[in-house]
Amino acid sequence: MTAPKIPDTCPRCDSHDVSLLTASPVPGRWFMYACGVCFYSWRSTEPGYATDPAAYPAAFKIDPTDIPKMLVVPSIPTRRGGTP
Amino acid sequence: MIMAYADLRDFLAALDRNGQLLRFTDPVPLEPDLGAAARAVSNVTDRGPALLFEDIDGYERARVALNVVGSWPNHALMLGLDKDTSLKEQFFAFARRADAFPVEAERVGTERVGTERADDAPWREHAVETDINLFHLLPLFRLNRYDAGSYIDKAAVVTRDPDDPENFDTQNVGIYRIQVKGTDRLGIQPVPAHDIGIHLRKAEERGENLPIAIAIGNEPVITTIAGMPLAYDESENEMAGAVQGAPYRIARAPLTGMDVPWGAEVVIEGEIIGGVREIEGPFGEFTGFYSGGRRQPVIAVHRVHHRTDPIFEHLYLGRPWAELDYTVALNTSVPLYRQLKQDYPEVVAVNAMYTHGLLGIISVRPRYGGFAKAVGVRAMTTPHGLGYCKVIIVVDDTVDPFNLAQVMWSLSVKFHPAHDLVVLPDLSILPLDPSSEPPGISHKVVLDATTPIAPEQRGHFSQEVDQPAGTQEWENRIKRLLT
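Chain order of the listed sequences is F and A. If you're matching positions, the first sequence starts at 1 in this note's numbering and goes up one per residue. If you're matching positions, the second sequence starts at 1 in this note's numbering and goes up one per residue.
It cannot be assumed that every hint is accurate.
Per label pair, the in silico range of CB-to-CB distance [unchecked claim]:
(1) 434(A) x 19(F): 31 to 39 Å
(2) 440(A) x 68(F): 19 to 27 Å
(3) 43(A) x 64(F): 31 to 39 Å
(4) 426(A) x 57(F): 31 to 39 Å
(5) 409(A) x 9(F): 56 to 64 Å
(6) 48(F) x 422(A): 47 to 55 Å
(7) 9(F) x 126(A): 33 to 41 Å
(8) 48(F) x 428(A): 17 to 25 Å
Residues on chain A that point at chain F, a partial pick, calculated with CB under 8 Å [what the hints assert, rightly or not]:
(9) 27
(10) 29
(11) 60
(12) 133
(13) 201
(14) 204
(15) 373
These are calculated hints, taken from the structure and not from any lab test. Predicted model, so just to flag it, every value in this text is computed and none were measured. Using N, Cα and C, we set each Cβ at its ideal position, and we do this for glycine too.
Let the hints inform the model, and build the full structure from the sequences given.
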């Protein structure tokens, strides 16, 4: 099978930092892609709700500018006898 | 004599012998079919089989096992009991065996950390250190529609206390959701209240990474105990030995020195990277709702050990009931029962199997008026209760808390809203409870459905309808005729 055409947009956060995650062990069955911004991943054979930016529901969309504001769990402690 | 299962394959064979395993040899797409099948089997029945898929799209020989403990017969077989054992009998068997804790583990292989001497654990057959690709090793897939990606959610995750790394008792075996973000990079959710959260905090205070081993595809007892609320210094391996009635067999993971199940299909070794947090989730959780996205720790994978053609065991969770609810039913009820029983021997049984104990039912023989309410409040101050036990229903000792028809009868006729409702404001709860506001804080409530006794004299309970004489004999006779 020829090299995959990597999608240019993440279905979830609409950013353009998409890369090939892996290809099926049996060549040509499917490819997986990953977003370098929100770490969403998907398989080329999944239904449109998981792969199409226009079909991804608003309630689950992620705005990349919100990521740095997300809750940190667990919080990072101060190093003993030093700075964090 | 209790039979311990050597590994996942041994347990699948036992399920097969008992008619509790369905094999699918036709080709199956990973999404949405595998998640849908695991959801479906719990929708259909609470006596359902495990599902074994043997032809996965895009793989030569991959296999996926789902719903392995996802029914009461499978849960009974896990305990080595007859598959028709009632839930209440399973509860008392589990509780009796837990009393044998600790049962010292059986360590196979004597190698020291860092040496390369082989031992006989089946997962030592292959080791991969370069060009690791977890997606080629295992048929990873999206479980619920809007999960962030592929997850590992039923692995025995092992870490040690960085301040006391030789201590076997504080070595932790837990189950945590793990997002597979890259071919050798994982995201993990170590909640601060859990033992792994304590280990990570200490590692980060020391300015270190936290070594971690992740064992996938195990016999069912260790993963059930890994999800059991135990004290920080109580060993899951020693509780697994108690519950299976034989020393739990472990082997040492050579890179990290973690003690992992001897019979695992796959063992991943790596480190949680200290000081790093990265977006993880959302993931469809056991509450029946997705967790939001949060910034959580990341694991770098350094080595993977595996059997030839390993089986990927995975667990469906979502709106109860699903496999998760079976795996955390009695492992949650039994510790609460044991802790309450220490203070109040009048406690007869505890059913805390609703959403990991967010709701629980306690049957008790009240000593005097107000006693049942105190027992209900005590459940909320047990270690597990601090994050759960939002709704506690207390019923009389004559009511089976596992029989919801009896519990509803008690509530409907014995509960008086003016006297039997205790609301405690703003207590701690797990932040995943979607009703908590702010996340992690909620009121809690005790519903006292026991019969009022002195000095509390109210209601009209003196003329309860008894069973006709001979009912028990007739029950036995009818049961015999039905089998």
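Practice problem: Against the structure, test the hints numbered earlier, and report the numbers of the ones violated in rising order. | Solution: As far as the earlier hints go, 8, 9 and 15 are violated by this structure, in ascending order.
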